[in-house]
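Each chain is listed here by its residues.
2 protein chains.
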Amino acid sequence: MKIAILGTGNVGHTIGSKLIVLGHQVMMGSRTSKNEKALAFAAEHPNEASAGNFADAAAFGEIIFNCTSGAGSLEALKLAGAQHLKAKILIDLSNPLDFSNGNPPSLSIVNTNSLGEEIQKQFPETNVVKTLNTMWCGLMVNPGLIAGGDHHVFVCGNDNTAKSKVKDLLKSFGWMEKNILDLGDISAARGTEMYLPLWLRIWGATKNGAFNLKLVS
Amino acid sequence: MKIAILGTGNVGHTIGSKLIVLGHQVMMGSRTSKNEKALAFAAEHPNEASAGNFADAAAFGEIIFNCTSGAGSLEALKLAGAQHLKAKILIDLSNPLDFSNGNPPSLSIVNTNSLGEEIQKQFPETNVVKTLNTMWCGLMVNPGLIAGGDHHVFVCGNDNTAKSKVKDLLKSFGWMEKNILDLGDISAARGTEMYLPLWLRIWGATKNGAFNLKLVS
Numbered sequence: 001m002k003i004a005i006l007g008t009g010n011v012g013h014t015i016g017s018k019l020i021v022l023g024h025q026v027m028m029g030s031r032t033s034k035n036e037k038a039l040a041f042a043a044e045h046p047n048e049a050s051a052g053n054f055a056d057a058a059a060f061g062e063i064i065f066n067c068t069s070g071a072g073s074l075e076a077l078k079l080a081g082a083q084h085l086k087a088k089i090l091i092d093l094s095n096p097l098d099f100s101n102g103n104p105p106s107l108s109i110v111n112t113n114s115l116g117e118e119i120q121k122q123f124p125e126t127n128v129v130k131t132l133n134t135m136w137c138g139l140m141v142n143p144g145l146i147a148g149g150d151h152h153v154f155v156c157g158n159d160n161t162a163k164s165k166v167k168d169l170l171k172s173f174g175w176m177e178k179n180i181l182d183l184g185d186i187s188a189a190r191g192t193e194m195y196l197p198l199w200l201r202i203w204g205a206t207k208n209g210a211f212n213l214k215l216v217s
Numbered sequence: 001m002k003i004a005i006l007g008t009g010n011v012g013h014t015i016g017s018k019l020i021v022l023g024h025q026v027m028m029g030s031r032t033s034k035n036e037k038a039l040a041f042a043a044e045h046p047n048e049a050s051a052g053n054f055a056d057a058a059a060f061g062e063i064i065f066n067c068t069s070g071a072g073s074l075e076a077l078k079l080a081g082a083q084h085l086k087a088k089i090l091i092d093l094s095n096p097l098d099f100s101n102g103n104p105p106s107l108s109i110v111n112t113n114s115l116g117e118e119i120q121k122q123f124p125e126t127n128v129v130k131t132l133n134t135m136w137c138g139l140m141v142n143p144g145l146i147a148g149g150d151h152h153v154f155v156c157g158n159d160n161t162a163k164s165k166v167k168d169l170l171k172s173f174g175w176m177e178k179n180i181l182d183l184g185d186i187s188a189a190r191g192t193e194m195y196l197p198l199w200l201r202i203w204g205a206t207k208n209g210a211f212n213l214k215l216v217s
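Read top to bottom, the protein sequences are chains A and B. Numbering follows the numbering used here, with no gaps: position 98 of the first sequence is 98. Numbering follows the numbering used here, with no gaps: position 6 of the second sequence is 6.
The following block holds chain A by itself, in its conformation from the complex (with noise of 0.2 angstroms):
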């Protein structure tokens, strides 16, 4: 499948190597078509990997992955053109992260919305579908890391077909079909997200990020 990675950071790398690995075709787009972690990261994978701004990632994808930052995602998605998302599946892992008051950071749209309610709201004819955002991003494409990989993944969004797609990406990175839970419409984006601040308070206590929740009952 040809998808797109918008972002290119730690988690634009790690989803993008792994979607490569699975056979996928990958353009890593960025704000310029000359960002040289993109560059470098198609020229790794000249065969399965190319590189180019953001509408021209969009456009490529069947499917887009938003692996940019929060603070950058709203911009990010308008400059990748809505056009371009149109009737497509969007997977959101971005957080809202606010470092403006150092840290830890506080989130920059909470409680009564979210990010990925407000991408789906300023990108209608999307499907948004909210995943991965609760852990680093090591665990997002190899769950098998930590305990056997019986851990937890969440997803959410308003289109059941897209969330499907999206469930068969998570199994093809290596996630258990009975540990990947659906919460419900993308306002649920709001319990993910509202989550970070808890990750990072654990994060800090124990000094090891490659953990996750694991739910028991």
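Mixed in with the good hints, there may be bad ones.
Lysine to any residue pairs mimicking SDA-like chemistry, simulated, CA-CA at most 20 angstroms apart [said to hold, decoys possible]:
1) B:K207 - A:E177
2) B:K214 - A:G209
3) B:K178 - A:V216
4) A:K214 - B:D159
5) B:K88 - B:D159
If you are wondering where the hints come from, they were derived from the structure by calculation, not from laboratory data. Computed from a prediction, not measured in an experiment: that's the story for all the values here.
Got chain A sorted already, so can you dock chain B onto it with the hints?
Okay, now just chain B, sitting in the frame of chain A:
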């Protein structure tokens, strides 16, 4: 030990009952000294329990559990009286859930503050320890009800001696030492309170409130 429970709901009843089983003397406090639930609780345990208003209970307790609803906690603590809370441990189990705009609730204090911090600010001579607010009350006092008791509870607060005493109480409730995670000072209450929206979504998706988080790494 003499322990006060502020609040007469399920949480207060559950914590109070467990404390009695463990051999403590418990006074349940509410807005008036004639609260029917508090009087019934006292009548159930004529030798170990009593009922009074918030100030009576706070004066009685060497340790005070805040089991009031988050919306009423600050007012309840004012009625309890700073002089009765001074130099004592206040174990805060509340969550600032705001149902004024319906379901799902939002949080009335959030993001750059938390109810736990606000209580600490308003009662600076009290040692506030936030804990147990991330789960259904049945699990608070009986973690062994699920997954062999192998799941996590968070603790935060500014005073290490107070936290140490609270950890001992948690162990008496059945929590394993390895599963009591100290998140640091009271500002970490932002993390545990902001987890509530995710907790509520998980409950909604699974239809089972008797779940908890196990951190795996």
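Structure-based check of all given hints:
{"no.": "1", "hint": "B:K207 - A:E177", "in the structure": "holds, 18 angstroms"}
{"no.": "2", "hint": "B:K214 - A:G209", "in the structure": "holds, 15 angstroms"}
{"no.": "3", "hint": "B:K178 - A:V216", "in the structure": "holds, 16 angstroms"}
{"no.": "4", "hint": "A:K214 - B:D159", "in the structure": "violated, 30 angstroms"}
{"no.": "5", "hint": "B:K88 - B:D159", "in the structure": "holds, 11 angstroms"}
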